[in-house]
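Could you slot chain B with the ligands onto chain A? The hints should help.
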Amino acid sequence: MPFELFVALRFLREGRAQTALILAGTTVGVAVIIFLSALITGLQTTLVDLTLSSQAHVVLKRPDRVTRVEPPPGGEAVVARVEKVPEREKSIEQWPAVLAQVRATAGVVAATPTAAGSAFATRGELSRSVALRGLDPLTFDSVVRLDDKMVAGRFHVEGTEAVIGTVLARDLGLEVGDKLRLTTAQDRGDVFTVSGIFDVGNRDVNQRWVLVSLRQAQTLLDLSGGITTIEAKVADVFGAEATARVLGAATGLSADSWMRLNQQLLSGLQAQSSSSAMIQTFVVIAVALGIASVLGVSVIQKRGEIGILKATGTSTGTIKRIFLIQGAIVGLVGSSAGGLIGAGLSAFFAHAVKNPYGDSLFPVALSPGLFLGASAVALATGLASAWWPARHAARLDPATVIRHG
Amino acid sequence: MAEPAAAAAAPAGPVLRLEGLVKDYGGGEARTRALHGVDLAVGRGEFTALIGPSGSGKSTLLNLIGLLDRPTAGRVVLDGQDTGLLDDDGLTRCRGRAVGFVFQFHHLLPEFSALENVMLPMMAARGRQTPDMAECAGALLGQVGLGELLHRRANLLSGGQQQRVAVARALAMAPRVVLADEPTGNLDTRSADALFALLRQVNVRAGVTFLVVTHDPRLAARCDRIVELVDGRVVSDRPNRREGS
Ligand SMILES: Nc1ncnc2c1ncn2[C@@H]1O[C@H](COP(=O)(O)OP(=O)(O)O)[C@@H](O)[C@H]1O
Ligand SMILES: [Mg+2]
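Here the protein sequences come in this chain order: A and B. Quick note: the first sequence uses this note's numbering, first residue 1, plus one each step. Quick note: the second sequence uses this note's numbering, first residue 1001, plus one each step.
Calculated directly from the structure, the hints in this document are not laboratory data.
Incomplete in silico selection of chain B near chain A, CB under 7 Å:
no. : residue
1   : D1069
2   : F1103
3   : L1109
4   : A1125
5   : R1128
Nothing here was measured: the structure is a model prediction, and the numbers come from that model. Here a beta-carbon is modelled for each residue, glycine too, at the ideal position from N, C-alpha and C.
Okay, chain A solo, but in the shape it has when bound:
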């Protein structure tokens, strides 16, 4: 065993109470960091998943306002014409070509054509205003997964089948197999059979969405084979806005990412992340101060011994390393123990605290990277906080120390 390690271990072992204190401090610090990170990451992942469960990453549609900008003669942009596009003209021109172009764009994983518009759903005396969405049964699945959100029946929209949300089903008293009539503003209507009922965890969607086949929607909305929107899934969820910009520029359509549509959620997540980062920074600082002060006291207590070590041929560098190693050991042992406790705490909360549906209210995300990161931070903190005491110890003058006993 290297001499430095031998002496460092012995100093730690013999300074029982002090060692226990800094180890406890480091352990608690690392546990807090692990638990907090796991919790925040877990919550954010769940929130984002929830948001994206019923939403495509990027939605392309024809701009509903056309703004033509003439080349400015005097450097000033002139808005030449602003007009509302009539309902009928909302369809995307030459959409099969545009769809192919979207699918070929880098970062896009899948894309599906949809036709959307407003309609009335009626059953007997009851009637509700709904958002009619026509889906391509073959490709919609690859962009938004709804089949795992079905609470009754199944996700199936062939022929005159319709899939509705739980709230609409309750409002209209509908069950799987029941009939409902859909009428559009274009004064077209048809009777559909409820094939499935979904719950996406969003009241508005559960209340307003009525999903039918693309073909039926095209007929009801009088689009004559046209579509109103192209919905796309991207590889990097948080790169959706960038991809949306690329798609918008390439197709001339208005492209909205889920990020733009959920800016409040995103800024909430950001605020959460930065306050968590701030808490973790303060925890690291507190742990560092703890290690530094305990090692600092230990250097003062061990002045005489340091003097003896020097008088018997121990070099300045070796003395310094003896104390640096103590900091490193505290950091490593503390991060291992803290990692275990943090993981245990996370697992406990994830399993113990659940909502009435059995979903965890504390979804936690524990990753090997988190543990590695926390260990690296703890090791660096241990070394950095041992730096000053180590330097002080190395500089002690043996003659003075020995003289004063």
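Frame of chain A; chain B with the ligands shown alone:
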């Protein structure tokens, strides 16, 4: 193992030579001169007592010889090596190799066993622990009469026992010179006599050179040579007829 090169086989000339040693403490107004030009040569295997009133500079002189401190002026030549030419790490290495210390307040590391305390200088020099070190340290502790207490923690030993461990530690690196600053100062008369006898025995058997600071005239009388320091100057340096041996 602890035995240095036999005195007879060693090159001629003193093992330790001091030339015009001056030591000042403090600076400016507060400056005090602890040593005013000390010249001294100590031969191989000599057992010298350093006596003098309190504050006369004995500890200062020992610290300079032991390379714990640097002189303001003058030279310390240890085993033919001018130590003024060494950097700090060089001094540390030379100190570990050539000098053994026994201090008044035994100064062992309390959290280490007797054996480990004796091994410390060896580990410091080699950078790690090796099995032969324990063997060598055990033999040294046997020589100072502590063969039974190898694994007892230093702070659980009596004062006399601790000082014996310190002697064994001083011998660990087979040094040219052992410097002892009032080694019996904290011991009762019986322990002091026993320790002194031990130092003398090591000196005679192994030919190690000793420079021992003492206040006790009885002990000084048992040395080969007596050097007296007053106000930082050597005022007398005389051989002493050994009694007993
Ligand atoms: N570190 C120091 N700082 C200032 N003065 C010192 C220091 N060490 C020793 N002295 C002074 O130097 C003189 C000699 O001290 P010292 O060598 O300890 O004498 P002795 O060991 O003979 O009692 C004394 O006057 C003492 O006060
Ligand atoms: Mg003294």
